[in-house]
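Peer 1: If you read the sequences in order, they're chains H and B.
Going by our numbering, the first residue of the first sequence is number 16, and it counts up by one from there.
Going by our numbering, the first residue of the second sequence is number 16, and it counts up by one from there.
Since the hints were derived computationally from the structure, they do not count as laboratory data.
It is possible that part of the hints are untrue.
Copies of the same chain look alike in the list, so a pair counts if it works inside one copy or between any two.
[Said to hold, decoys possible] For lysine to any residue, the following SDA-like pairs were computed, each having C-alpha atoms within a straight-line distance of at most 25 Å: (1) Lys94 with Gln232; (2) Lys24 with Asp314; (3) Lys109 with Lys129; (4) Lys445 with His256; (5) Lys129 with Phe105; (6) Lys94 with Asn79; (7) Lys58 with Asp192; (8) Lys439 with Ser306; (9) Lys177 with Gly56; (10) Lys129 with Gly246; (11) Lys413 with Gln98; (12) Lys426 with Ile191; (13) Lys135 with Ala215; (14) Lys109 with His187; (15) Lys116 with Gly162; (16) Lys117 with Ser130; (17) Lys87 with Pro416; (18) Lys94 with Pro416; (19) Lys400 with Ser130; (20) Lys439 with Pro304; (21) Lys426 with Asp68; (22) Lys24 with Arg53; (23) Lys159 with Glu125; (24) Lys135 with Asn333; (25) Lys29 with Lys135; (26) Lys24 with Gln322; (27) Lys294 with Arg310.
Computed from a prediction, not measured in an experiment: that's the story for all the values here.
There are 2 protein chains.
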Amino acid sequence: MEIVRYPPKQDWQKIIQRPLQQFEVIRKAVLPILQAVRQEGDKAIRRYTLLYDKVEPDAFQVSNAEIVNSVKEVTDDLKAAIQQAHHNIFKFHKSQVEEVKKISTMDGVECWRKSVPIEKVGLYIPGGTSPLFSTVLMLGIPAKIAGCKEIVMCTPPDGRGKIHPAILYTAHIIGIDRIYKVGGAQAIAAMAYGTATIPAVQKIFGPGNQYVTVAKQLISQEGIAIDMPAGPSEVAIVADHSAEAEFVAADLLSQAEHGKDSQVLLITTEEKLVKDVKKAIQRQLAQLPRSEIVRDALDNSKLILVQNIDEAIELVNNYASEHLILMLENTEAMVEKVINAGSVFIGKYTPESAGDYASGTNHTLPTNGFAVAYSGVSLDSFMKKITFQQISAKGLQKIGPIIETMAQAEKLQAHKMAVRVRLKQIEDHKK
Amino acid sequence: MEIVRYPPKQDWQKIIQRPLQQFEVIRKAVLPILQAVRQEGDKAIRRYTLLYDKVEPDAFQVSNAEIVNSVKEVTDDLKAAIQQAHHNIFKFHKSQVEEVKKISTMDGVECWRKSVPIEKVGLYIPGGTSPLFSTVLMLGIPAKIAGCKEIVMCTPPDGRGKIHPAILYTAHIIGIDRIYKVGGAQAIAAMAYGTATIPAVQKIFGPGNQYVTVAKQLISQEGIAIDMPAGPSEVAIVADHSAEAEFVAADLLSQAEHGKDSQVLLITTEEKLVKDVKKAIQRQLAQLPRSEIVRDALDNSKLILVQNIDEAIELVNNYASEHLILMLENTEAMVEKVINAGSVFIGKYTPESAGDYASGTNHTLPTNGFAVAYSGVSLDSFMKKITFQQISAKGLQKIGPIIETMAQAEKLQAHKMAVRVRLKQIEDHKK
Numbered sequence: 016m017e018i019v020r021y022p023p024k025q026d027w028q029k030i031i032q033r034p035l036q037q038f039e040v041i042r043k044a045v046l047p048i049l050q051a052v053r054q055e056g057d058k059a060i061r062r063y064t065l066l067y068d069k070v071e072p073d074a075f076q077v078s079n080a081e082i083v084n085s086v087k088e089v090t091d092d093l094k095a096a097i098q099q100a101h102h103n104i105f106k107f108h109k110s111q112v113e114e115v116k117k118i119s120t121m122d123g124v125e126c127w128r129k130s131v132p133i134e135k136v137g138l139y140i141p142g143g144t145s146p147l148f149s150t151v152l153m154l155g156i157p158a159k160i161a162g163c164k165e166i167v168m169c170t171p172p173d174g175r176g177k178i179h180p181a182i183l184y185t186a187h188i189i190g191i192d193r194i195y196k197v198g199g200a201q202a203i204a205a206m207a208y209g210t211a212t213i214p215a216v217q218k219i220f221g222p223g224n225q226y227v228t229v230a231k232q233l234i235s236q237e238g239i240a241i242d243m244p245a246g247p248s249e250v251a252i253v254a255d256h257s258a259e260a261e262f263v264a265a266d267l268l269s270q271a272e273h274g275k276d277s278q279v280l281l282i283t284t285e286e287k288l289v290k291d292v293k294k295a296i297q298r299q300l301a302q303l304p305r306s307e308i309v310r311d312a313l314d315n316s317k318l319i320l321v322q323n324i325d326e327a328i329e330l331v332n333n334y335a336s337e338h339l340i341l342m343l344e345n346t347e348a349m350v351e352k353v354i355n356a357g358s359v360f361i362g363k364y365t366p367e368s369a370g371d372y373a374s375g376t377n378h379t380l381p382t383n384g385f386a387v388a389y390s391g392v393s394l395d396s397f398m399k400k401i402t403f404q405q406i407s408a409k410g411l412q413k414i415g416p417i418i419e420t421m422a423q424a425e426k427l428q429a430h431k432m433a434v435r436v437r438l439k440q441i442e443d444h445k446k
Numbered sequence: 016m017e018i019v020r021y022p023p024k025q026d027w028q029k030i031i032q033r034p035l036q037q038f039e040v041i042r043k044a045v046l047p048i049l050q051a052v053r054q055e056g057d058k059a060i061r062r063y064t065l066l067y068d069k070v071e072p073d074a075f076q077v078s079n080a081e082i083v084n085s086v087k088e089v090t091d092d093l094k095a096a097i098q099q100a101h102h103n104i105f106k107f108h109k110s111q112v113e114e115v116k117k118i119s120t121m122d123g124v125e126c127w128r129k130s131v132p133i134e135k136v137g138l139y140i141p142g143g144t145s146p147l148f149s150t151v152l153m154l155g156i157p158a159k160i161a162g163c164k165e166i167v168m169c170t171p172p173d174g175r176g177k178i179h180p181a182i183l184y185t186a187h188i189i190g191i192d193r194i195y196k197v198g199g200a201q202a203i204a205a206m207a208y209g210t211a212t213i214p215a216v217q218k219i220f221g222p223g224n225q226y227v228t229v230a231k232q233l234i235s236q237e238g239i240a241i242d243m244p245a246g247p248s249e250v251a252i253v254a255d256h257s258a259e260a261e262f263v264a265a266d267l268l269s270q271a272e273h274g275k276d277s278q279v280l281l282i283t284t285e286e287k288l289v290k291d292v293k294k295a296i297q298r299q300l301a302q303l304p305r306s307e308i309v310r311d312a313l314d315n316s317k318l319i320l321v322q323n324i325d326e327a328i329e330l331v332n333n334y335a336s337e338h339l340i341l342m343l344e345n346t347e348a349m350v351e352k353v354i355n356a357g358s359v360f361i362g363k364y365t366p367e368s369a370g371d372y373a374s375g376t377n378h379t380l381p382t383n384g385f386a387v388a389y390s391g392v393s394l395d396s397f398m399k400k401i402t403f404q405q406i407s408a409k410g411l412q413k414i415g416p417i418i419e420t421m422a423q424a425e426k427l428q429a430h431k432m433a434v435r436v437r438l439k440q441i442e443d444h445k446k
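Build out the structure end to end from the sequences listed, making use of the hints.
Peer 2: See below:
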């Protein structure tokens, strides 16, 4: 990990640059997959599954028997943990339900807004080295609270054509029963266009490798909504003298183990902390099975010394980190100054892994600097907000002339006429 | 306008198809503009302004003197109307402010969510045949309520290098003072990349012609957020025997005058209404100056007869209209059944033009069927929601083992270690 000492502001942009993504090559590989699935449907899905997952499942849809089996295969310990995480995530996302407020903007003019579930949503759960049942919780729970009618889940099969039981068990307790053994760009294509087996949806959620990411980006240009643009995972830690090197090191490593392209930053005022963290990383790294991935990620990463904590916060606001950990003596004042971040972890007993799994917040967050303008996944992501209005005859007599004046000034005569014909009828009635 | 009588369900998709958009040709025209502005900055802006707007303004930024002048040039009537619309729109959008709720998901585990303004936003206001000061209200007011620090506005100059005074006056009362005389794809590029004169922003809002739309789509792929994908404006009206043909006709026409590619639909159970609406359209059309545009739009449009109102609502939910007008005897039950729409207008005295100008709701809405998964512009559009969490030592003792179990099962050992090192320290302290 590179140490950067007291960089002047003009160097900040360079220092906080993310590792570059090469999408063009991947785009060229993904486009024909999308096209094939659109044209050939299940036939193409079968072909790509054989090609990439090296397996030909008997059926793409997970059977009831498989779901029932998964309940037996998951240990009681893990079941209890998943249930508690479910409880916490449910509670936090349920608190995001918005009440309808009718606003009378003028006498007789009532406006309101109602959140309505997106009817058909698709959840993508990556396969690969880790069975990410936590992502099933993070996407499935808000989809259920929202009341989405059709929740479809795709996740790649393993070499025996199976899905990890923890993924099936988690989907089961949430109440998701349409699960398909399809992964990669072909899964995104299936949920975007629909096949004979897999229904088309209106919005697609979930993380994935670069193929999945690019496939989502491409189908979003065709009008299918996606949760957010994605990049590699990242964390920034802002720490002062009160921080413990052992905790800082563990948090940096836990982000670094996500992938070779992950990035982790420590921004601190303390020379000693930098030294101690470096040592602690070496010590802890020796105990980690995924040390190769971690080492690559640490190559993208930096320990940055700054003059004071205000400068640290300014720098980290520029970075707009997916995860931001504040280990500071006086956190409260600093929390108020955070303007760009996906999710913030406050204090020394709040590891980022709490939010990844179980505390209640969502772990699907904006990466790659997108936190300047995008929010993480929440209940809102599974709903759209429709506005409504109702105007009484008396209300129209008040607001009507205002609309007419404005429409006239914008040279939109028919807009004016829509008011005029109504006001005329109201006046005629009075006679 | 084509009349479609009692179409069977299998024909619905065909009937409610939108007019096709040809983006590929426009994309080829827009890409070099984006590239030129990125590389040459103001120089390219000057060149394209001369080419497309046929004018070379002395300065791109609107001066204080121009703003002061605009206050004199707008009539008192129009000022009063704009101020009342401002009041209503402000009141409705202010009601969307979300309070921070701290949720204790478990003992010692606190999670909350805070809306934080997007720092730098860009508003695009189209020029062309209508001076759309109403769009200044619709984008500027929520940007101000959100508390966006930098609000930049671009709008094309007229042939004399001027901006319409109503646009400047409206920006002035909202408190937007960085206004640039730049339009088209070059304006979007300027706000995306920044030039010496025009600052780069993090999210770009606003309607526009196909060049603007495609430019927004292209820069959104580069990570700059946009309000929503856009298509031509549209309205669907669901009406029964209680509807008045004169009102229905006026609403259809007011949508049709937006552009040649607009689409309007009437869905009704009443043969007589269809006949009367056709006649009323002819009568009203004779009084409209924009009749050529309207005629083209009506060619894309349909009067659809259905068996009953439930079927009408089902059809219109399939269409997912930007604007939906319900003129029904029993509206309340039907309002509940609306699941896909941008904004809904209820009852016979609620013309769509009320929402376009002054009632309080936003007029920037999802078109082209995007209403199935997208919301219109609201206060949320100018903010991102950051989640926060804070766990106490006691809280971590409760939730820690759950996180460890889950991290272990996902084979993410460093995630587990981030909890372990902390729990160990807490236990050591107790000794």
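Peer 1: Each of the hints needs a verdict: does it hold here or not?
Peer 2: Hints and how they fare:
no., hint, verdict
1, Lys94 with Gln232, "neither (35 Å within a copy, 44 Å between copies)"
2, Lys24 with Asp314, "within (23 Å within a copy, 58 Å between copies)"
3, Lys109 with Lys129, "both (16 Å within a copy, 16 Å between copies)"
4, Lys445 with His256, "between (78 Å within a copy, 23 Å between copies)"
5, Lys129 with Phe105, "both (21 Å within a copy, 18 Å between copies)"
6, Lys94 with Asn79, "within (19 Å within a copy, 66 Å between copies)"
7, Lys58 with Asp192, "within (23 Å within a copy, 58 Å between copies)"
8, Lys439 with Ser306, "between (78 Å within a copy, 22 Å between copies)"
9, Lys177 with Gly56, "within (21 Å within a copy, 55 Å between copies)"
10, Lys129 with Gly246, "between (32 Å within a copy, 23 Å between copies)"
11, Lys413 with Gln98, "between (55 Å within a copy, 14 Å between copies)"
12, Lys426 with Ile191, "between (52 Å within a copy, 24 Å between copies)"
13, Lys135 with Ala215, "within (8 Å within a copy, 36 Å between copies)"
14, Lys109 with His187, "within (19 Å within a copy, 41 Å between copies)"
15, Lys116 with Gly162, "both (20 Å within a copy, 22 Å between copies)"
16, Lys117 with Ser130, "both (13 Å within a copy, 22 Å between copies)"
17, Lys87 with Pro416, "between (69 Å within a copy, 22 Å between copies)"
18, Lys94 with Pro416, "between (64 Å within a copy, 13 Å between copies)"
19, Lys400 with Ser130, "both (4 Å within a copy, 17 Å between copies)"
20, Lys439 with Pro304, "between (79 Å within a copy, 21 Å between copies)"
21, Lys426 with Asp68, "between (60 Å within a copy, 20 Å between copies)"
22, Lys24 with Arg53, "between (49 Å within a copy, 23 Å between copies)"
23, Lys159 with Glu125, "between (30 Å within a copy, 23 Å between copies)"
24, Lys135 with Asn333, "between (36 Å within a copy, 13 Å between copies)"
25, Lys29 with Lys135, "between (42 Å within a copy, 21 Å between copies)"
26, Lys24 with Gln322, "within (12 Å within a copy, 68 Å between copies)"
27, Lys294 with Arg310, "within (14 Å within a copy, 75 Å between copies)"
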